Each structure stands twice: as structure tokens, then as C-alpha cells.
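Based on the sequences and whatever the hints tell you, model everything.
In terms of this note's numbering, the sequence shown has 70 at position 58, counting the first letter as 1, and numbering is strictly consecutive.
What the hints contain is simulated information worked out from the structure, not anything from laboratory work. Accuracy of the hints is not assured; some may be wrong.
Claimed, not checked - Cross-link-like lysine to any residue pairs, in silico, SDA-like; alpha carbons within 25 Å at most:
#1 Lys56 with His121
#2 Lys56 with Val42
#3 Lys56 with Thr109
#4 Lys56 with Ala120
#5 Lys56 with Thr100
#6 Lys56 with Leu86
#7 Lys56 with His43
#8 Lys56 with Ala70
#9 Lys56 with Arg105
Computed from a predicted structure; not experimentally measured.
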Amino acid sequence: MTPAPRPAPAERRAAQEPVALLYGPGQRIVHGNAAFVAEFGAGKVGLPAREALLDVPATVFEVVDRVLAAGRPLACWLEMSGERRRLTVAPRRDPETSEIYGVAIRLAHATSG
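Encoded structure:
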């Protein structure tokens, strides 16, 4: 039996970055990966992002709003807890209607790939 291939270093780093899916006009957090839960807490999943993530810079929600309005992914650098982070926000679309129903957000550390 052949062992499963090990993830590449970039894939391992990406798995350690907080990722969340926000759904609907209230931008409810419907999923957070293990890194998201570790950084922000499991209790944040299920809550509107603007209520749950009070400690994140306002820039995060400004970018989310721009992505929802324009329908295109955006990224920017920001400071969180004295650390430089790369925010990436991408629209999520219904495959049948192309309607945007939410966004995926990722917060990468400055040293990530």
C-alpha cells in the first residue's frame, strides 16, 4: 500500500491560515476552518461577521462590501494585533444563477505563500 502524498509546503501553510465563508446579506459566518476557529473561536461560527469579529479592522468589512458590490475578488494588506496580514476576499456564486450569495475570506500571514 502506497502512503498518501504529503501536502506541499505551500498547501500546509495555506491550511494554517484562517478561512471563513460568509453567507447572505447579514454576512453570517457559516464555516470557519480549524485555523479560523483557533484564532477567533468556535462560537463565532453561526453569527453575523460584523457582530462576531469586533476586533478585526474595519477594512475587512469595507473589502467584503466592495467584493459583494463588484462581484470580483479583492485583496489588501492590513495590520492585526501588530502583525501584517494579507486579506483575500472572493465572491461565492450560485452555479446555476451566477447570483452572489456570499464571500470566502482568508487572512494570510505576511510570511505565507
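Tested hints:
1. Lys56 with His121: holds, 21 Å
2. Lys56 with Val42: Roughly 9 Å separates the two Cα atoms, so the pair holds.
3. Lys56 with Thr109: violated, 29 Å
4. Lys56 with Ala120: Measuring from Cα to Cα gives roughly 19 Å; hence the hint holds.
5. Lys56 with Thr100: With a Cα-Cα distance of about 19 Å, the restraint between Lys56 and Thr100 holds, given a limit of 25 Å.
6. Lys56 with Leu86: holds, 23 Å
7. Lys56 with His43: holds, 9 Å
8. Lys56 with Ala70: holds, 17 Å
9. Lys56 with Arg105: holds, 23 Å
When each numbered hint is compared with the structure, a violation occurs for hint 3 only.
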